[in-house]
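Engineer: Starting from the given sequences, assemble the full structure and let the hints guide the process.
Just so you know, the sequences run in chain order W and U.
Note that my numbering has the first sequence beginning at 1, numbered continuously upward.
Note that my numbering has the second sequence beginning at 1, numbered continuously upward.
Do not rely on the hints blindly, as some may be mistaken.
[As the list claims (entries may be wrong)] Distance condition first, Cα-Cα at most 30 Å in a straight line; then the derived DSS-like pairs of lysine-lysine: (1) Lys113/U / Lys59/U; (2) Lys113/W / Lys113/U; (3) Lys59/W / Lys113/U; (4) Lys59/W / Lys113/W; (5) Lys113/W / Lys59/U.
[To be verified] Derived CB-CB ranges, DEER-like: (6) Ser79/U / Pro192/W: 28 to 38 Å; (7) Gln19/W / Asp99/U: 48 to 58 Å; (8) Arg49/U / Pro192/W: 53 to 63 Å; (9) Glu196/W / Gln143/U: 22 to 32 Å; (10) Gly50/U / Gln182/W: 33 to 43 Å; (11) Asp149/W / Ala96/U: 30 to 40 Å; (12) Thr179/U / Asp145/W: 43 to 53 Å; (13) Ala142/W / Gly177/U: 17 to 27 Å.
[Claimed, not checked] Here chain U is said to cover these stretches of chain W; the calculated rule only asks that three of the stretch's residues, wherever they fall, bring their Cβ under 8 Å from a Cβ of chain U: (14) 83-92; (15) 124-131; (16) 161-174; (17) 187-199.
Honestly, the hints are just simulated from the structure, not real lab data.
Note that this is a predicted model, so its numbers are computed, not measured.
Here a beta-carbon is modelled for each residue, glycine too, at the ideal position from N, C-alpha and C.
Number of protein chains: 2
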Amino acid sequence: MSQPTSQRTRLSPEQRREQLLDLGVRLLAHRSLDELSIDLLAEEAGISRGLLYHYFGNKHAFHEAVVRRAADDLIEQTSPPADGDPMERMLTSLAAYLDYVVANYEGYLSLVKAAAGGNETLREIYEEARSALNSRIFREDAQGDIVPDTPATRLVVRGWSAMVEELVLSWIADPRGITREQLLEIMAASLPAIVEVAG
Amino acid sequence: MSQPTSQRTRLSPEQRREQLLDLGVRLLAHRSLDELSIDLLAEEAGISRGLLYHYFGNKHAFHEAVVRRAADDLIEQTSPPADGDPMERMLTSLAAYLDYVVANYEGYLSLVKAAAGGNETLREIYEEARSALNSRIFREDAQGDIVPDTPATRLVVRGWSAMVEELVLSWIADPRGITREQLLEIMAASLPAIVEVAG
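Structural biologist: Now the structure itself:
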């Protein structure tokens, strides 16, 4: 997992911080936030704890920065293709979301828990990311082919998004009897189905 | 809110404990778990803190007992009528769930947070209650009129149940544009709709 950290490479402090954040995000993929310590990052990066405190201030600030980066990655990686049928584009985006959570299960689960459990800053980052993903549904589907934009459908998308998260986390924990394609189809097709009953 | 605590009433220790639990559940309705202290219960019940420690051991055990009682109440109050059309019975059960969360919003929200946030005992109580509510869908619909019992529909019901919780909590926080009847209709009708796309 460790990233080569040659002392010969001259990086600006900002570049160095970015590199350390990337490493933090990679370490978080298979660990909970509780397990992501400054000590571990120092060991994996091959630099001193003191230098990390210089870059991040304290453990909380480090966690916040890593989680913010992870949320940005999630939003970027789930960006739908620019063209194509709205349902196909949503399916591509959902598949990317599923792949992201599969690849970053431990860290993602711990973020969901931390956000729900009352860490206010992490909750804000989580809610912002959720909100960005939910708003994208409406932005990407500006003609309302899948979901017309009404107070009821805004609420429905919030609920559907909670369902998608639960389905993905439950399926990863126990995928018996459901293929990846079935899961994706259930998640994608359920949105217009719920919107229809909400109509 | 306080329950009359006449010293003339002779209650067994078990009855007294039950009475205190009922009071704890009522106090939790409009408070978070963090706000539900032994001191508050002592004041409301008009008895000494020492006696409460005698009944409950410590604050954690008190919270566990109150949350367990609240979960039992939720399961009991959302029990569907014995007879009738499966969808009608589910709608009645969902309406009772909505009313329960409306009436106990602060406490319920804090339980969801505590359960998600890593308090293991509260998480178990929460998961048991969720699981009981989800299993009831299949038990009450033994003919599979709404949901046939398959691995895919077991997963779907988990997801739908997460959606219902999110819809209820979001709607209570901001009900603009959606009536109670619309919300209930969305929640009830979405289950067969999602099951159909999962078919």
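Engineer: Now, for every hint given, state plainly whether the structure supports it.
Structural biologist: Each hint tested on the structure:
1. For the given pair, Lys113/U sits about 18 Å from Lys59/U by alpha-carbon distance, which is consistent with the 30 Å threshold.
2. Of the pairs offered as hints, the one joining Lys113/W and Lys113/U holds, with about 8 Å between alpha carbons and a cut-off of 30 Å not exceeded.
3. Our distance criterion of 30 Å between C-alpha atoms is met by Lys59/W and Lys113/U, whose separation comes to about 23 Å.
4. For the suggested pair Lys59/W and Lys113/W, the alpha carbons sit about 18 Å apart, so the restraint of at most 30 Å is met.
5. The straight-line distance between the Cα atoms of Lys113/W and Lys59/U is roughly 23 Å, inside the 30 Å bound, and the hint therefore holds.
6. For Ser79/U and Pro192/W, the Cβ-Cβ distance of about 33 Å falls inside the hinted range of 28 to 38 Å, so the restraint holds.
7. At roughly 53 Å, the beta-carbon separation of Gln19/W and Asp99/U lies within the given 48 to 58 Å, and the hint holds.
8. Under the hint 53 to 63 Å, the C-beta atoms of Arg49/U and Pro192/W, about 56 Å apart, fit the expected range.
9. Our hint of 22 to 32 Å for Glu196/W and Gln143/U holds, since their Cβ atoms are close to 25 Å apart.
10. Here the CB-CB span from Gly50/U to Gln182/W is close to 58 Å, at odds with the stated 33 to 43 Å.
11. For Asp149/W and Ala96/U, the Cβ-Cβ distance of about 31 Å falls inside the hinted range of 30 to 40 Å, so the restraint holds.
12. Restraint check, Thr179/U to Asp145/W: a C-beta distance of roughly 26 Å breaks the suggested window 43 to 53 Å.
13. Separated by about 20 Å at the C-beta atoms, Ala142/W and Gly177/U satisfy the suggested range of 17 to 27 Å.
14. By the rule of at least three residues with a Cβ nearer than 8 Å to a Cβ of chain U, the coverage given for the region 83-92 of chain W is violated, with 0 such residues.
15. With 0 residues bearing a CB less than 8 Å from a CB of chain U, the region 124-131 of chain W misses the requirement of three and the coverage assertion fails.
16. For a cut-off of 8 Å, the count of residues in the region 161-174 of chain W with a CB near a CB of chain U stands at 9, and the three-residue condition holds.
17. Only residues whose beta carbon comes within less than 8 Å of a beta carbon in chain U count, and the region 187-199 of chain W has 7; three or more means the coverage holds.
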